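Protein chains in written order, with our numbering: chain A, 586 to 890; chain B, -1 to 429; chain C, 9 to 287.
Do not rely on the hints blindly, as some may be mistaken.
[To be verified] DSS-like, lysine-lysine: derived pairs with alpha carbons at most 25 Å apart:
# : chain 1 : residue 1 : chain 2 : residue 2
1 : B       : Lys419    : A       : Lys650
2 : A       : Lys650    : B       : Lys420
3 : B       : Lys119    : B       : Lys234
By construction, these hints were calculated from the structure, which means they are not laboratory data. Here the structure is a predicted model, which means the values were calculated and not measured.
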Amino acid sequence: MRVRRGRSRSSPRPLGSWTTPWIYLAPALVVLGGLLVYPIYQLGLISFFQYTQAQVSGGEPTTFKGFGNYAELFSDSQFWQVLLSTVLFAGACVVSTLAVGCALAVLLTRVRAVPRLVLMLAALGAWATPAVTGSTVWLLLFDPDFGPVNRVLGLGDHSWTYGRLSAFFLVLLEVVWCSFPFVMVTVYAGIRAVPSEVLEAAALDGASQWRIWRSILTPMLRPILTVVTIQSVIWDFKVFTQIYVMTNGGGIAGQNLVLNVYAYQQAFASSKYSLGSAIGVVMLLMLLAVTLVYLRLLRRQGEEL
Amino acid sequence: MKLAPRFAVLLATAAVVAGCAPQTSDNSASDKDETSGTLRVWLFQEVGNDPKAKVVDSVVTAFEKAHKGTKVDVEYIPIDTRAQRVKAAFNDPKSAPDVMEYGNTDTAGYVHDGGLLDVTKEFGAWSEAKDTDPTAKQSVTVDGKQYGSPFYVGVRALYYRTDVFKDLGLQPPKTMAELASTARKIHMAKSDLYGLVVGGAYTYGAMPFVWANGGELATAKDGTYTSAIDGAAAQKGIKAYTSLFTSDNCPAAKCAVMGGNDTITAFAAGKAGMAIGGDFSHSAVEAGKVKGKYAVVPLPGVASGSVAPAFAGGNNIGVLKSTSHRTLAVDLMEQLTSKATQASMFDAMGFLPTFTDVRDAAAAKVPFEKPFVETLAAGTKFVPASPGWSEIDSSLVLPTMLQEVISGKKSVAAASKDAAKKMNDAFSSAG
Amino acid sequence: MLRGFVRRPWRLAAEASALLIAVVVAFPLYWMVLSAFKPAGEIESSEPRPWTLAPSLDSFRRVFGQQEFGRYFVNSLAVAGTVVIVSALVAFLAATAVTRFRFRFRTTLLIMFLVAQMVPVEALTIPLFFTMRGLGLLNTLGSLILPQIAFSLPFAIWMLRGFVKAVPDALEEAAYIDGASRTRFLWQILFPLVFPGLVATSVFSFISAWNDFLFAKSFIISDTSQSTLPMALLVFYKPDDPDWGGVMAASTVMTIPVLVFFVLVQRRLVSGLGGAVKD
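Just chain A, same shape as in the assembly:
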């Protein structure tokens, strides 16, 4: 009793003083402050300046442009087109990844140890494949001249990267391939944590599989599903390597650009660093909005951070 009172009055830990957590946090804060917060600050700063190669290498002085870069960006029709395709593409990736991942997680619970291990290992293999490697292998699989896919489907020398949609579709396949394992493994671990008595009781009561999934598993898995959804959104919205490698930097006439690649091209190919930074800031703000929704969901579920 005495211990309890003492705790609630001063600090939650017996030996705790207010400095301890900060000492523990210090290394993380130093690294993040120097290599994340400060660069983000610089990013914001650059987006308000005229900042091209001439300024970077000291040939000309930097000039303050205010919201000029943003105005230029928002009046550019290509930006809106890229923004739209980013949102649609990321959305399609998230939905497909979650659907495949969840379905396979359920499948894992229905099979015996050997097939389970085989599928698990295959998925881990896909997960372990570096993005650059995965992208090149998928390109080879779908290569018009030497790829087995066209041969099997009898498509002749159909080029998958020529059409806008088919190029996006190819990249989507690769993204789903390398990101569904995370969802599958996590959801599978979550289902296993559901007490089996609950499920057996439901089955004995004659509930259908669909009903068990909808009425019992979904509510119990909701925290997990929220986590994998938000992670997928974060990752898929930022897809870079796959687009960059598979469509050779954004596709024919830039048809397969997504925001991240677009920002990179603006900044590094055209050396419009300030415009690239402005796109980066816009992306950051959009993902922040998603985070707010996420936090709101967590709060509504009564979960504490």
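Based on these hints, arrange chains B and C on the given structure of chain A.
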């Protein structure tokens, strides 16, 4: 929601304070001039680079022998990613090479970025420099000052397969219209060959079509450039070039993404009846399957017997402002572009010398060069000498325009108008 | 677990489809290894066959002969190894701080760790370039290690929270009553208990460090001896004329260490991911 104010605080603390400027480099000229140490050299990685490396090695060995205590470190950088490498080098003088090869279209841009050293004095004092071809000299000159030494000139002409032409009873085309019809005939007769292999990202293959039709990239007035790519004549040229991307010659699905190197690779591999290639592509083609089965003629113009104006390409070798071995670096630049080096580089790679006397000797020795020298004599064109050109080039304005037309996304008029707008933005922002 | 009440034909069908899906999922990897072993002419054939009768090591020889591939391999390993170890230790301390203590700005910090994951890395290359230049790290492996640590930390901290929280308070109190110091509790009691979680999170930092080609491309400018594997891979992948055999051999070499790492931590990964999101 209680979180919102917290975010506002976070954002506010991270917000921009308009007094601070972002970081920049101090790329002023290095005042050091060391007489020993390591010199870093960046040269372009060519298709089939070994002969080039051999010539460079012998120059370097001689240079190292002549200058005790110096070491030369040569690196071959891929042409595709050169823009990023060079920019990074300008941004971090410590990583920068002392001497580098660069495309002559980049001269104005690199000078504007403050990366290249003014070598007017040394170039003037160099005894060999007086024989430099005036157009080549023009390509290292910005505002009357020289920023390097010409390495080679390059022009493109029409490569064609002698065996295929003989089989089908064809003659080398005399006009641009004939060029297109010959290409279609080849593809019709031999469906595994592209008639004339063309690339949607092959700007300098497309430009002769624009120029031959009387179009221009841009027009200069009082030192400022205005794009002319959407002019009626230019549009005609764009139309002529893009109409070659059809299933009866070079299917868009394959050819739209190709660049200049891809078309040469395809021709060298025996996959095309004709290609637009440079004199500098000679060794790559020789190394391919078509060795001994091809010939070259000047690219025909609109009128019969005329030559389409070619782009006067080529590369220069320059010294970076940040070098701490100024004297040595300039000396190495001269050695790498000397008459002797250019003569052996011609033998090794077929790079046309920039010295008129060396070039004439080379052309007399090798009949292969005749069509290229003819093309040079017929008059060549150069890209706008504006720092904006580097940006137009590296942000792929013209390839995007061509690809938009080829893939049917935009009409010639709309695509060229958009491209003209982007070009004008680049010209004006680069001042 | 649902085994008891799933009928037998259904289970067989489920197992068959599980195996089929495993084959489809593993197929790209199989094709990669296969293409690496195919002799030169066979990859570029218009009749691709899912086997090869004359496996050859030519592509691997080209990969190891053409560049200092062995050196890049060691570089990559050094970068990924350092990132994994440092970020695991730093994240462990930070996660302990935010879960086992209550202090001002705790929630703010947590939100920041979440937000930090959303930063598009690519957009930060320019400011990071200047930071690295300021630190004098350009052209060294340090310029790859430091940013990778920074970018893997937020996710690692976020994931480790669950593990640290799962260790009962009573255990901590008992330790203190036994006279253990805070440091002793942290490293000898808490650390071993949280270890499976550290393994699960290190998978993520390992992959991102191992895969990175953006930082390598931007920060390793003049000293190619400091290059890493993904950069070496891109050399073989020339868009005009890709050397597929070389690309696939290099990819195989690049993928194997990650696969080994995954198989080693497989069990801990499954339980680890479950633990991370269970709280």
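Evaluated hints:
{"no.": "1", "hint": "B:Lys419 to A:Lys650", "verdict": "21 Å, holds"}
{"no.": "2", "hint": "A:Lys650 to B:Lys420", "verdict": "20 Å, holds"}
{"no.": "3", "hint": "B:Lys119 to B:Lys234", "verdict": "45 Å, violated"}
Taken one by one, the earlier hints fail for this structure only at number 3.
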